[in-house]
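Trainee: Sequence:
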Amino acid sequence: MGAPGVDGLGDVVRVLRQWQYDAGPVQLHPGDVGWFWRFGAQRTAAATRTWSRAGKVLAVGLLDGAELLRLAFAPQALRDEELARQVVEDVSAPERGVLFEGRAYVEAPTGALVQDLLLKDGWASGEPWTPLRCDLGGPVSDPGVRVEVIGPEQAHEWAAVLRASFDGSTFTDERWRAMAAGAPYVDARCLVVRNERGEAVAAVTVWSAGEGRLGLIEPMGVHRAHRGHGYGRAVTFAAARALQQLGSSSVVVCTPSSNVGAVATYRSAGLEQLPERRDLYRNAS
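If you count the sequence shown from 1, position 69 lands on 69 in full-length UniProt numbering, and the numbers rise without skipping.
If you're looking for bench data, these hints aren't it; they were derived computationally from the structure.
All C-beta atoms in this analysis are idealised placements derived from N, C-alpha and C, irrespective of residue type, glycine included.
Calculated lysine to aspartate or glutamate pairs in the EDC-like style (CA-CA distance at most 16 Å, straight line):
| hint | residue 1 | residue 2 |
| --- | --- | --- |
| 1 | Lys120 | Glu89 |
| 2 | Lys56 | Asp11 |
| 3 | Lys56 | Glu82 |
| 4 | Lys120 | Glu81 |
| 5 | Lys120 | Asp279 |
| 6 | Lys56 | Asp80 |
The following label-pair restraints were derived from C-beta to C-beta distances:
| hint | residue 1 | residue 2 | range |
| --- | --- | --- | --- |
| 7 | Gly144 | Gly122 | 46 to 54 Å |
| 8 | Ala93 | Gly5 | 21 to 29 Å |
| 9 | Gly261 | Gly5 | 38 to 46 Å |
| 10 | Lys120 | Gln18 | 23 to 31 Å |
With the hints as constraints, model all of the structure from the sequences given.
Mentor: Here you go:
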């Protein structure tokens, strides 16, 4: 296990791009790293872990907060026993600096051997999440609203919509600028939907992993004062169109299954609901 440092983050993002394909499992995406980059390159590097063999990266982890490790694996390494045992050893030993002592969570792709080994090691299944996906090989519906791509001059508007979409959000335009300066943002777009009065009412960021690869929505929000007017559906259509223009083969998003409104919104925009997935967790000792 290693930490790439700021200079190595670009290589990590390139590796993650290569692992995103339509037939593969939903897993840590370069866009997830890009969204975390809102905290700056130094914190992103400090939160990133890699597992390698013979100089080749086979797994990448992102410490998304103090308690959650999100994982991705190279396609050929999903069931690699040596690798899985090493990851389990590293995440189960607090002194290795991956997860702290006490309650902790691991998000691993469906079918990864590391899930089986963690369950055998006493970890338990957590709350369900719902992935949703839509193929972008055909036409995507027109959002039917005014959509703008956001640049630095409109960052404050995008940030304001996001704050008004999520309780407790402290997102700022400075964080937007930090995110936009990150390596993954080369293949990303931030969009806002405006109502008939020109007010920004919904916001989304889309992350492409490159031509012919799986694209990600993270995050998407509708201003709490403008809900119930179809803006969530409209901004999802806008996100799918933007990813299609960036060359993505499909779009994926993952939301807590308990957020039935979000699941319904994505389904109304044509995304197919995939089987639920669950994080694994261990309780405080």
